[in-house]
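J.: Taken in order, these protein sequences are the chains called G and X.
If you read the first sequence in our numbering, its first letter stands for residue 1, the second for the next number, and so on.
If you read the second sequence in our numbering, its first letter stands for residue 1, the second for the next number, and so on.
Since the hints were derived computationally from the structure, they do not count as laboratory data.
Please read these numbers as outputs of a predicted model, since none were measured by experiment.
Backbone N, C-alpha and C fix where the C-beta goes; we use that ideal spot for every residue, glycine too.
Careful, some of the hints might be misleading.
[To be verified] Ranges between beta-carbon positions, derived for each pair:
id, chain 1, residue 1, chain 2, residue 2, range
1, X, Lys69, G, Lys496, 42 to 50 Å
2, G, Gly434, X, Glu26, 28 to 36 Å
3, X, Pro184, G, Pro126, 56 to 64 Å
4, X, Lys69, G, Pro87, 18 to 26 Å
[As the list claims (entries may be wrong)] Subject to a maximum C-alpha distance of 20 Å in a straight line, what follows is the list of computed EDC-like cross-link-like pairs (lysine to aspartate or glutamate):
id, chain 1, residue 1, chain 2, residue 2
5, G, Lys190, X, Asp178
6, X, Lys65, G, Asp260
7, G, Lys393, X, Asp43
8, X, Lys158, G, Asp397
9, G, Lys51, G, Asp71
10, G, Lys393, X, Asp108
11, G, Lys283, G, Glu258
12, G, Lys51, X, Asp145
13, G, Lys51, X, Glu165
14, G, Lys470, G, Asp494
15, X, Lys91, X, Glu26
16, G, Lys117, G, Asp503
17, G, Lys393, X, Asp101
18, X, Lys158, X, Asp43
19, X, Lys65, G, Asp15
20, X, Lys177, G, Glu334
21, G, Lys84, G, Glu480
22, G, Lys393, X, Glu165
23, G, Lys283, G, Asp15
24, G, Lys283, G, Asp308
25, G, Lys393, X, Glu130
26, X, Lys65, X, Glu98
27, G, Lys117, G, Asp494
28, X, Lys65, G, Asp397
29, G, Lys393, X, Glu98
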Amino acid sequence: MTLDQPKYKTTDEIDFVVIGSGAAGGIVAKELSENGFRVVVLEQGPYLTEKDFIHDEIEVLNRDFLTNHPDLQPNTFRKTPDEKAKPQRAIAYGRLVGGTSTHFTANFWRFHEIDFKERSKVGPIPGAALADWPISYADLEPYYTKVEWEIGVSGQAGASPFDPPRSKPYPMPPLPVKSGGVIFERAARKLGWNPFPAPMAILSQPRPGRSACINCGFCLAFACEVGAKSSSLATAIRMAERTGRCEIRPNSYVHRIELDANGRASGAVYFDAQRNVQRQKAKAVVVCANGAETPRLLLLSANKQFPDGLANSSGKVGKHLMFNSGALSVGVFEHPLNDYKGFAVSRILHDFYELDPDKVGFHGGGGLDARFDQTPISFALGGLPPGSPRWGKGFKDLLSHNFTRTVEILCHGTSLPVENNSFSLDPDLKDAWGLPALRMTYKDHPDDVKLSNWLNVRAAELLQAAGAQKQWSFPAGEQEFSVHLLGTCRMGNDPKTSVINSDHQTHDVKNLFLCDGSSLVTSGRGQPTMTIEALAFRAADRITALAKRGDLST
Amino acid sequence: MLSAATHAREAAQSASIAKFEFFTPEQAAEIDAISSRIIPATDTPGAHEAGVVFFIDRALVTFAKDDQKLYADGLHELQVRVHEMFPAANKFSAATLEQQDQILESLDPQSPSGGRRPFRQSAGAQSFFETIRVHTISGFLIDPDANKRGNRDGAGWKAIGRENEHMFMPPFGYYDKDYPGWQPNPPAADKPKT
Chain G
1 MTLDQPKYKT
11 TDEIDFVVIG
21 SGAAGGIVAK
31 ELSENGFRVV
41 VLEQGPYLTE
51 KDFIHDEIEV
61 LNRDFLTNHP
71 DLQPNTFRKT
81 PDEKAKPQRA
91 IAYGRLVGGT
101 STHFTANFWR
111 FHEIDFKERS
121 KVGPIPGAAL
131 ADWPISYADL
141 EPYYTKVEWE
151 IGVSGQAGAS
161 PFDPPRSKPY
171 PMPPLPVKSG
181 GVIFERAARK
191 LGWNPFPAPM
201 AILSQPRPGR
211 SACINCGFCL
221 AFACEVGAKS
231 SSLATAIRMA
241 ERTGRCEIRP
251 NSYVHRIELD
261 ANGRASGAVY
271 FDAQRNVQRQ
281 KAKAVVVCAN
291 GAETPRLLLL
301 SANKQFPDGL
311 ANSSGKVGKH
321 LMFNSGALSV
331 GVFEHPLNDY
341 KGFAVSRILH
351 DFYELDPDKV
361 GFHGGGGLDA
371 RFDQTPISFA
381 LGGLPPGSPR
391 WGKGFKDLLS
401 HNFTRTVEIL
411 CHGTSLPVEN
421 NSFSLDPDLK
431 DAWGLPALRM
441 TYKDHPDDVK
451 LSNWLNVRAA
461 ELLQAAGAQK
471 QWSFPAGEQE
481 FSVHLLGTCR
491 MGNDPKTSVI
501 NSDHQTHDVK
511 NLFLCDGSSL
521 VTSGRGQPTM
531 TIEALAFRAA
541 DRITALAKRG
551 DLST
Chain X
1 MLSAATHARE
11 AAQSASIAKF
21 EFFTPEQAAE
31 IDAISSRIIP
41 ATDTPGAHEA
51 GVVFFIDRAL
61 VTFAKDDQKL
71 YADGLHELQV
81 RVHEMFPAAN
91 KFSAATLEQQ
101 DQILESLDPQ
111 SPSGGRRPFR
121 QSAGAQSFFE
131 TIRVHTISGF
141 LIDPDANKRG
151 NRDGAGWKAI
161 GRENEHMFMP
171 PFGYYDKDYP
181 GWQPNPPAAD
191 KPKT
């Protein structure tokens with residue numbers, strides 16, 4: 001239920017307009033409004049609540065009930081800048097209040113120390129623009145802890161020997177283990193690896209207004225009907241509303257940020273639900289629209305002062321797109337696992353987080369998890385081994401046997417930042433509002449593909465050690481689709497090679513801030529949302545300090 | 001089996017009572033027969049028992065509206081194929097089960113299986129057979145509480161071993177039922193690699 005909110009006028013110069021209400025935007029809005037500021041959150045999608053969250057696979061998986069719709073917001077794709085991009089769906093993100101955090105897997109791994117200073121440690125890598133972050137793990141640690149305690153993460157501190165230092169344990173124990181998790185744990189131990197309970201942004205214990213996970217089994221891609229998944233909708237947005245200073249304005253599709261005569265951002269221009277153009281005035285603007293829509297909005301906001309896109313004097317807006325690399329192996333076991341019950345992941349391992357390039361022949365690292373993230377229809381259409389019957393008695397018998405006996409081992413790894421990998425504006429294709437569509441240019445760095453296949457061999461070894469009756473692996477190729485949209489307005493100290501400074505302030509416009517997946521300098525090992533949320537808590541602290549010092553006014 | 005017979009009779013009764021929103025009764029009988037070969041009744045219910053024809057009928061006036069012509073053309077093509085292959089049968093639903101399977105095999109483009117996420121497909125992108133195959137599977141396994149008239153009484157979920165519930169308690173399966181609780185590795189195997 002939406003709480004009583006202030007209704008600001010678009011002509012009121014509020015303190016902050018926050019664009020996007022997902023993992024980052026929700027937390028930024030909560031923190032800024034709790035710090036006393038007047039905030040309007042502009043969200044392009046609708047304001048849905050728990051009663052709307054259905055288990056209908058057709059609506060959710062096939063008809064984009066919760067996600068960007070390719071008919072309304074099409075995009076184009078090409079592998080390299082010399083190609084003409086073709087219409088091809090390349091991204092999916094949550095398009096509703098709460099954003100993608102409403103329907104993610106909820107794997108909540110912290111980044112490790114290496115993720116922030118890998119460039120210094122491994123040196124330059126041909127074909128990649130690898131850089132160190134301007135902040136360290138230690139700078140972010142208090143904010144990781146905030147995410148765990150304020151948003152709600154279940155897990156077991158100290159369970160992984162590879163974990164970075166932490167200042168507090170998790171606020172609640174891990175979720176129950178699934179049969180696939182037990183199989184994973186036993187096999188990994190046989191191989192001398194270190195499996196441990198997955199840290200998940202899903203409640204193992206109830207919190208005020210939120211149920212613990214009820215193990216309904218419609219988790220990845222679905223939004224939680226009992227508020228157990230720690231989305232921004234179930235957490236930060238509600239907290240922001242409770243301050244009485246934050247207005248959540250759904251169905252508001254921002255397409256331009258305007259500057260005043262002094263070169264300061266003066267507010268956001270958006271289409272309302274009736275497609276009328278509105279202008280929300282604000283003293284400062286924070287863009288949290290995700291790693292695709294944030295750079296797009298800056299490019300759409302080009303003006304005389306910034307002909308190549310707002311805050312884009314570096315030319316780096318939209319560049320260095322990273323997905324996270326990945327690969328999949330699947331096993332079928334003798335007895336029913338019933339892994340269709342519950343959340344997706346209960347056990348993971350990080351033994352391969354930091355591989356030695358001299359030994360393996362490529363750069364990178366990653367982790368493995370045991371999961372079952374498929375629902376009945378998606379499993380029937382895509383979960384059986386290659387070459388299986390597709391209809392008839394043979395199909396039905398195999399489906400009936402395998403549905404309860406299948407577990408997937410998903411490999412997650414690094415993506416190297418490559419300058420050509422990018423979001424830009426398509427020169428021809430328009431969205432339903434007449435705005436230039438997103439164009440994705442993406443070709444995995446060769447090391448990313450090598451890493452994925454290397455990890456997949458480990459996944460296959462694990463399934464073999466586990467005694468799978470049947471197993472198969474999908475070879476990893478170059479990716480053309482992603483839900484992880486990272487690095488496209490990267491953070492850095494040098495205004496020539498980065499878009500924002502370590503305060504998330506754009507180098508070019510002092511009262512314009514960016515915070516979401518676009519801020520990341522490296523990709524981590526596959527689970528970016530935890531870091532996006534920690535950055536959001538930290539960004540709000542930094543922005544508050546600047547605002548209180550008066551640095552945001554001219 | 002008495003229960004299957006009872007089920008079939010009830011289904012037949014409900015079919016005669018229920019109104020179709022897109023199909024004529026004759027078309028519905030053909031669709032019912034096709035979907036029953038895609039997911040036949042075995043020792044568990046099949047597409048007929050799960051009321052898949054009603055799901056497809058509703059689909060064609062709602063989310064799969066764009067497939068109406070594909071179905072109309074497909075049913076015509078099917079009729080032609082029946083006449084070519086088994087002239088005596090006159091219509092698909094009157095052919096023997098073996099003949100029905102042969103007709104469907106002749107219509108199946110045999111696209112390779114095993115891709116991980118082939119679910120997102122735009123309307124009209126596939127053949128008639130592939131479309132009705134996906135619709136049959138969807139109508140068999142959709143959440144019975146979704147407003148889609150599919151998976152009647154959770155029959156499809158029963159067939160694949162999914163309990164028709166939306167809340168579960170651990171233990172979930174065979175391997176976690178005697179799980180003693182997580183313990184760290186013995187120290188010997190506990191050396192972080194670099």
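J.: For every hint, state whether the structure bears it out.
T.: Outcome of the hint check:
For the hinted restraint 42 to 50 Å between Lys69 of chain X and Lys496 of chain G, the CB-CB distance of approximately 56 Å leaves it violated. Separation of Gly434 of chain G from Glu26 of chain X is about 46 Å and departs from the stated range, judged on CB atoms against 28 to 36 Å. A hinted range of 56 to 64 Å is violated for the C-beta pair Pro184 of chain X and Pro126 of chain G, which are about 40 Å apart. The hint said 18 to 26 Å for the Cβ distance between Lys69 of chain X and Pro87 of chain G, and at roughly 23 Å that hint holds.
A threshold of 20 Å between alpha carbons decides the hint, and for Lys190 of chain G with Asp178 of chain X the separation of about 19 Å falls inside it, so the pair holds. Distance check on the hinted pair: Lys65 of chain X and Asp260 of chain G sit about 49 Å apart at the alpha-carbon level, beyond 20 Å; violated. About 11 Å separates the Cα atoms of Lys393 of chain G and Asp43 of chain X, which keeps this hinted pair within 20 Å; it holds. Only pairs whose Cα atoms come within 20 Å are accepted, and Lys158 of chain X paired with Asp397 of chain G is accepted, the gap being roughly 13 Å.
Note on Lys51 of chain G and Asp71 of chain G: the hinted pairing is violated, with a Cα-Cα distance of about 26 Å set against a maximum of 20 Å. Pair hint Lys393 of chain G plus Asp108 of chain X holds up; C-alpha atoms about 16 Å apart against a cutoff of 20 Å. The hinted pair formed by Lys283 of chain G and Glu258 of chain G meets the criterion: a straight-line CA distance of about 12 Å does not exceed 20 Å. Proximity of Lys51 of chain G to Asp145 of chain X is assessed by CA-CA distance (about 14 Å); at most 20 Å being required, the pair is judged to hold.
Our distance criterion of 20 Å between C-alpha atoms is met by Lys51 of chain G and Glu165 of chain X, whose separation comes to about 17 Å. Between Lys470 of chain G and Asp494 of chain G the CA atoms are separated by roughly 52 Å; this puts the pair beyond 20 Å, and the hint is violated. Annotation: proposed proximity of Lys91 of chain X to Glu26 of chain X holds, straight-line Cα distance about 10 Å (limit 20 Å). The straight-line distance between the Cα atoms of Lys117 of chain G and Asp503 of chain G is roughly 18 Å, inside the 20 Å bound, and the hint therefore holds.
Simply put, Lys393 of chain G and Asp101 of chain X have alpha-carbon atoms about 11 Å apart, close enough for the 20 Å limit, and the pair holds. Proposed proximity of Lys158 of chain X and Asp43 of chain X is supported: the alpha carbons are some 11 Å apart, at most 20 Å. With a C-alpha separation of about 47 Å, the suggested pairing of Lys65 of chain X with Asp15 of chain G is violated against the 20 Å cut-off. Taken as a hint, the Lys177 of chain X and Glu334 of chain G pair is honoured in the structure, with Cα atoms around 15 Å apart against an allowance of 20 Å.
A distance of roughly 15 Å separates the Cα atoms of Lys84 of chain G and Glu480 of chain G; the hinted pair therefore holds under the 20 Å criterion. For the hint pairing Lys393 of chain G with Glu165 of chain X, the CA-to-CA distance comes to about 26 Å; that exceeds 20 Å, so the pair is violated. Note on Lys283 of chain G and Asp15 of chain G: the hinted pairing holds, with a Cα-Cα distance of about 5 Å set against a maximum of 20 Å. Straight-line distance between C-alpha atoms of Lys283 of chain G and Asp308 of chain G comes to about 24 Å, which puts the hinted pair past the 20 Å bound.
Using a Cα cut-off of 20 Å, the hinted pair Lys393 of chain G and Glu130 of chain X holds, with the two alpha carbons roughly 17 Å apart. For the proposed pair Lys65 of chain X and Glu98 of chain X, the alpha carbon gap of about 32 Å is over 20 Å, so the pair is violated. Only pairs whose Cα atoms come within 20 Å are accepted, and Lys117 of chain G paired with Asp494 of chain G is accepted, the gap being roughly 16 Å. Distance restraint check for Lys65 of chain X and Asp397 of chain G: the Cα-Cα separation of roughly 31 Å exceeds the 20 Å cut-off, and the hinted pair is therefore not satisfied.
Distance hint between Lys393 of chain G and Glu98 of chain X is fulfilled; the C-alpha atoms sit about 12 Å from each other, no more than 20 Å.
Violation of the numbered hints given earlier is confined to hints 1, 2, 3, 6, 9, 14, 19, 22, 24, 26 and 28; the remaining hints are satisfied by the structure.
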